[in-house]
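Engineer: Sequence:
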Amino acid sequence: MQKKLLPRSPYDRLGGYVHLPRLIDKAKLHRKGLLNGYNYKTVGFDKHLLAFLKLNPDSFEEAATRLEKDAAILKWIEQNGARHSP
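Offset between the sequence shown (1-based) and the working numbering: plus 76.
A few of these clues could be false.
Under the rule of at most 25 Å between Cα atoms (straight-line distance), these lysine-lysine pairs were calculated in the BS3-like manner [what the hints assert, rightly or not]:
{"id": "1", "residue 1": "151", "residue 2": "117"}
{"id": "2", "residue 1": "108", "residue 2": "130"}
{"id": "3", "residue 1": "104", "residue 2": "130"}
{"id": "4", "residue 1": "104", "residue 2": "151"}
{"id": "5", "residue 1": "151", "residue 2": "108"}
{"id": "6", "residue 1": "145", "residue 2": "117"}
It should be emphasised that the hints constitute simulated quantities derived from the structure, not laboratory data.
Bear in mind that the values here come from a model prediction, so they are computed numbers and not experimental data.
Using the sequences plus the hints, can you model the full thing?
Structural biologist: Structure (structure tokens):
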């Protein structure tokens with residue numbers, strides 16, 4: 077039996093942003109075709125977090141897949157998205 081891949085908890089934080097680790101996981105799963113047709117980019121909190129960070133969803137997904145490590149993805153977000161104070 078194949079283990080089901082699940083995104084991290086929506087309460088997990090990265091760089092002070094709640095839900096960001098989950099968004100990263102969904103981007104990676106979506107790129108691999110493992111979200112069963114669910115488009116995280118257009119619904120729910122994922123959509124709002126991408127808008128808050130002013131990130132292009134397709135560019136974010138590409139970066140999350142290419143960079144792999146959370147620290148590198150956070151650095152990419154800081155360089156390509158909106159800056160917000162904690």
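Engineer: Now tell me, hint by hint, if it's right for this structure.
Structural biologist: Hints and how they fare:
{"no.": "1", "hint": "151 <-> 117", "result": "holds, 20 Å"}
{"no.": "2", "hint": "108 <-> 130", "result": "holds, 24 Å"}
{"no.": "3", "hint": "104 <-> 130", "result": "holds, 19 Å"}
{"no.": "4", "hint": "104 <-> 151", "result": "holds, 17 Å"}
{"no.": "5", "hint": "151 <-> 108", "result": "holds, 23 Å"}
{"no.": "6", "hint": "145 <-> 117", "result": "holds, 20 Å"}
The structure shown violates none of the earlier numbered hints.
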